[in-house]
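**Student:** Take a look at the letters that make up each chain.
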Amino acid sequence: MLGADLLVAQNIGFSIIAVMMIVGALRVVTVNNVVHAALWLVVVLSGAAAQYLLLSAEFVAITQVLVYVGAVMVLFLFGTMLTRARIGAENDLNNKNWKIAIPVSLLMLGVMSWVVIDGFADERLIENPGEMTQVPVLQISDDIFGPYLLPFWALSFVLLIAVIGAIVLARKD
Amino acid sequence: MFAAEAAAEVHASTGWFLEHAWLIPIIPAVAFALIIFFGKRMPMKGSEFGVASMFASLVLAVGAAWQWIQRVDGASSVAHSAVEEGAYHSAPFVGPIIREWTWWQSGGVEFGIGQHIDGLALTLLVVVAFISSLVQVYSLEYLRGDRRYTHFFAALTLFSAGMLGMVLAPNMVQLILGWEIMGLCSFLLIGHWWEEEANSRAALKAFFTVRVGDVGLLVGTGILFFSANSWTQENLGVSGFNISGLSAWAMSGAASQSALTWGAVALFVACIGKSGQFPLHTWLPDAMAGPTPVSSLLHSSTMVVAGVFLVGRLYPVFWEGMKIGDTNINFIVLIGGITIVIAALLAFVQHDIKKVLAYSTVSQLGYMMLGLGAGAWIAAIFHIFTHAFFKACLFLAAGSVSHSGSHHSFDMKKDMGGLAKKMPITATTWIISTLALAGVFPLAGFFSKDEIIDNVGHNGYNAFMIVGLSGAFLTAAYMTRATYLTFFGESRGAAAGEHHDNHGAHAVHDDHGAHAVHDDHGAHAVHDDHGAKGPHESPKLITVPLMILAALAVVAGLANATPFGSNWERFKKYVEPSSEYVMVESASASGPGESIVVPAAEEGAKKEGCATVAPDEGMVCYFPTVSHAKFKWSKAALSLVIVALGLVSSWLFCIQYYTRRDRRLVGLTERNTVLRGGYKVLWNKYYLDALYETVIVRAVAYPISRAAYWLNQNVLDGIVNTVGKVARRVAGWVYRNIDQRVVDGAVNGSGAAARGSGGVLRPVQSGKVNQYGALLFAAAAIGALILVIINT
Amino acid sequence: MLTTQFLLLGAVLFCIGIYGVLARKNAVMVLMSIELILNSVNLNLLAFSVRNGSVDGNTFALYIIAIAAAEVGVGLAMVLLIYRNRRTIALDELSEMKG
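Residue numbers (my numbering), protein chains in the order written: chain A, 18 to 190; chain B, 46 to 837; chain C, 857 to 955.
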């Protein structure tokens, strides 16, 4: 399956990062310590950034690191510390019906894997790996301020409302 | 094949009014802004903006209609000789005046805004602008002194802007925009006197019921867009939202049948909601809680015909999707036929004069749908036209009765009777409109309704012709009953000059809660002597619109008087699109001086119209070939006899029952089991409301409203107060209704079944977010699995 | 590289995220699981962006990152508010939605 023209180095890189991400994700949803979970989430998000680089989307990867690994994680840690006096491990982070979640997520995984494997079989991502070039930022900006300007406007409204909403919700009156 | 140089070119004239028809909705839209911002400071509290804008729109609409008539005349005179030679089966195709600008675009898809002016659009433009103008004038008097006078005119004007904008929409996006503006204004206006619980409930009910149908509009538009877009882009250079593009696509033979069928069904669901068709008609009678001018404008003559208009506008889609030409039963005629009969039966048991008219409107809308579903396009559109005049007149007359005759009551049995002598003008206009509605020769209703029934039979829908005829009998009978109870017989209650016990409360304008059934609007200060004088004729601002509408109820039918020969069929000539094949070049051209290419006689031209064979390469169709019944007096005589029977038998019954109190008739419903059962079913409106409230609202809205309440209490705490209040009101309303029904012992099968299944499902609704989430994702996964299995 | 490997990784992350949303009690943990779901979607978008040779996927991945940031901000503000009112952020104790 992995021929010489299939970019061995990239494939090895992908596999290592993928395993790391899956382990990290599993730890996020299983550990009994909120701060540890947040740190495992950093692993997953950084892994995702690395995968984006493999997909030649360097601008998205940089944004991922800046926004997610930087800002969002800080928010999470703050949130944890503001709501929990205790930082250490806890025993009951899962709710009572957590067992229903296992068959549901396995069912979804089954359906999705089937569809993906059935639909794309062993199709290559690109026919000629040499053609894979970095996506220029210029092209992304043309896209944002061209055909997808309207979602961009909507997004700015969402952000504005989120800022106002967060202030209104969190202030003590 | 067909060569372009062999074609005779017809230069269709155009003109300023036709080119600038897009101004028609813009004027009321601007007036709406003016009323909102400056209305309260104006000497007439903003109503002057509304009235002036409606008259300006009316002038523009009439001007455009005049130029359209010249355009059609010009085209047909040139092509006349060719038609004479038998080259075509019908008149030449006169292209609509389409102008479209990009409104917004996203992801490469452009959404346009503009105008699509043809006979159908102009008919509706003139009707809407005309009725709106009269109703606004009428409201000047009717709502004088109301505390939200300015807001009333603002909403009324915005409604007109929305409806006019929808009518001349060149694409589905603008149509949906206008459609939703109308829905919003309907909600605002029904709940105009929201201090009374019943009114705000009616407004919510109308809004939610119509929303159920509106989902169909979005789904249908989506289906059609994704199926048609590539074809329309390639052949006509327009997007899949474009109405003429969709029409051409539907007729092209390239369209997938299942896309057409499901698109048409989804769109028709929206029409069922908006046009009050069975089984979503229940909101319309409740909408009578709004002020009478609103009922007259929105809920009888204009807004509720939006659904009929949509079917007429995208007729090729419905024609092909529902196989109208090939079958003798389809979804549209079925719904229309059921609606005619059940609504007419319901009209017999109403005490409220406006509810009689509301059910009558539902029934007449059923006629229009029946006509469209059976291929009687022009007759159905003509019925929109005539019905608007006499039904608006009936509503305004009912308002006049309550305003000056029955002391703001609408109860025919308690507060009316014998008003014909006291209010001669109102009574005369009412009776003329009643006869027009019943379809008495030569008033307006005869020409349109009889035409529908005739064509339904002609196109092979024989069973539905009988439904139409029995509907005509019922219409004549219930309208006679309402007329008798209101204007003849003995005077009762307020009509006899009696004062209500709580008359003292009337002096205080702000008292709304004291008299639930009254159309009270604090107008009493203006005519304080009102009680002392008893019933009297209404002032001029009310009677003049009534007289104008009654005059039109007499003569409007002559616009398409089939009995008098084809020269009288002007409506058909100017409104019905021709089913000629059109060359694509001319189809996409627009702007002044455009030319319409008419296929030459020798080659290219087909004797058959569209929809019989698919158009050739480079040609498109915009309208299917519909056949027209030949008018015969023998057939008309049958329906006239039926109408006369209805009028006379009902009249005799009313005299026996209401005046002489005949022992054999009075109390018959109590004595006879079958009749009592029938009466009970009718009185409970076929238990449809109970079904919706117990099954659907309890299962769906109740958890949602509880969730909103929880958010309100715990999370958003006062920030989204409004949402919480609405939700709480819904929850309370559901609770009270169900409770009341249980207490009253009005247990019925559907309710019991719903409660039973509700009990089974109740543990599932634990209130735990995680469990809800698990159910949601499991259901999504199973749904996806089913789709995958089906597709492999 | 194959298309499926990225899509499958996305599917696995998505399902782990679903499990987290359903099984976790602590509201902050639920928000973290939602971040996992959003990242799996981004992975899919970028994979298809490469496959189809268009930048649209990149654009929307950026939009999703921005939305996710807003969502975390508002979400944590709500968590703080719930904590202030009830001294707990355990989701299964918030059962006022019981019908």
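Derived by calculation from the structure, the hints in this document are not laboratory data. C-beta atoms are modelled at their ideal positions from N, C-alpha and C, and glycine is treated no differently. Do not rely on the hints blindly, as some may be mistaken.
Listed below are several chain B residues computed to face chain C (Cβ distance under 10 Å; list not exhaustive) [said to hold, decoys possible]: (1) Trp146; (2) Gln150; (3) Gly152; (4) Gly818; (5) Ala819.
Derived DEER-like restraints, expressed as beta-carbon distance ranges [said to hold, decoys possible]: (6) B:Ala829 / A:Ile119: 47 to 57 Å; (7) B:Ala243 / A:Leu83: 50 to 60 Å; (8) B:Val154 / A:Val154: 21 to 31 Å; (9) C:Ser910 / B:Ser275: 14 to 24 Å; (10) B:Ala825 / A:Ile39: 30 to 40 Å; (11) B:Ile835 / A:Trp170: 33 to 43 Å; (12) A:Trp170 / C:Asn908: 47 to 57 Å; (13) B:Glu240 / A:Gly127: 50 to 60 Å.
**Student:** If a hint holds in the structure, say so; if it does not, say that too.
**Tutor:** Here is what the structure says about each hint:
Because the closest C-beta pair between Trp146 of chain B and chain C is about 26 Å apart, greater than 10 Å, the hint is violated. Taking 10 Å as the C-beta contact cut-off toward chain C, the hint placing Gln150 of chain B at the interface is violated, the least distance being around 15 Å. Restraint check, Gly152 of chain B versus chain C: the minimum CB separation of about 8 Å is within 10 Å; hint holds. Interface restraint check for Gly818 of chain B: the shortest CB-CB distance to chain C comes to about 5 Å, inside 10 Å, so the restraint holds.
A cut of 10 Å between beta carbons decides the hint on Ala819 of chain B: the least distance to chain C is about 5 Å, and the hint holds. At about 18 Å, the beta-carbon gap between Ala829 of chain B and Ile119 of chain A misses the expected band of 47 to 57 Å. At about 57 Å, the CB distance of Ala243 of chain B to Leu83 of chain A agrees with the hint of 50 to 60 Å. The given range of 21 to 31 Å is respected by Val154 of chain B and Val154 of chain A, whose C-beta atoms sit roughly 25 Å from each other.
Taking the beta carbon of each, Ser910 of chain C and Ser275 of chain B are about 18 Å apart, inside 14 to 24 Å as hinted. Separation of Ala825 of chain B from Ile39 of chain A is about 22 Å and departs from the stated range, judged on CB atoms against 30 to 40 Å. Restraint check, Ile835 of chain B to Trp170 of chain A: a C-beta distance of roughly 39 Å satisfies the suggested window 33 to 43 Å. Between Trp170 of chain A and Asn908 of chain C the beta carbon distance is about 25 Å. The supplied range of 47 to 57 Å is therefore violated.
Checked against the given bound of 50 to 60 Å, the beta carbons of Glu240 of chain B and Gly127 of chain A, roughly 57 Å apart, stay inside it.
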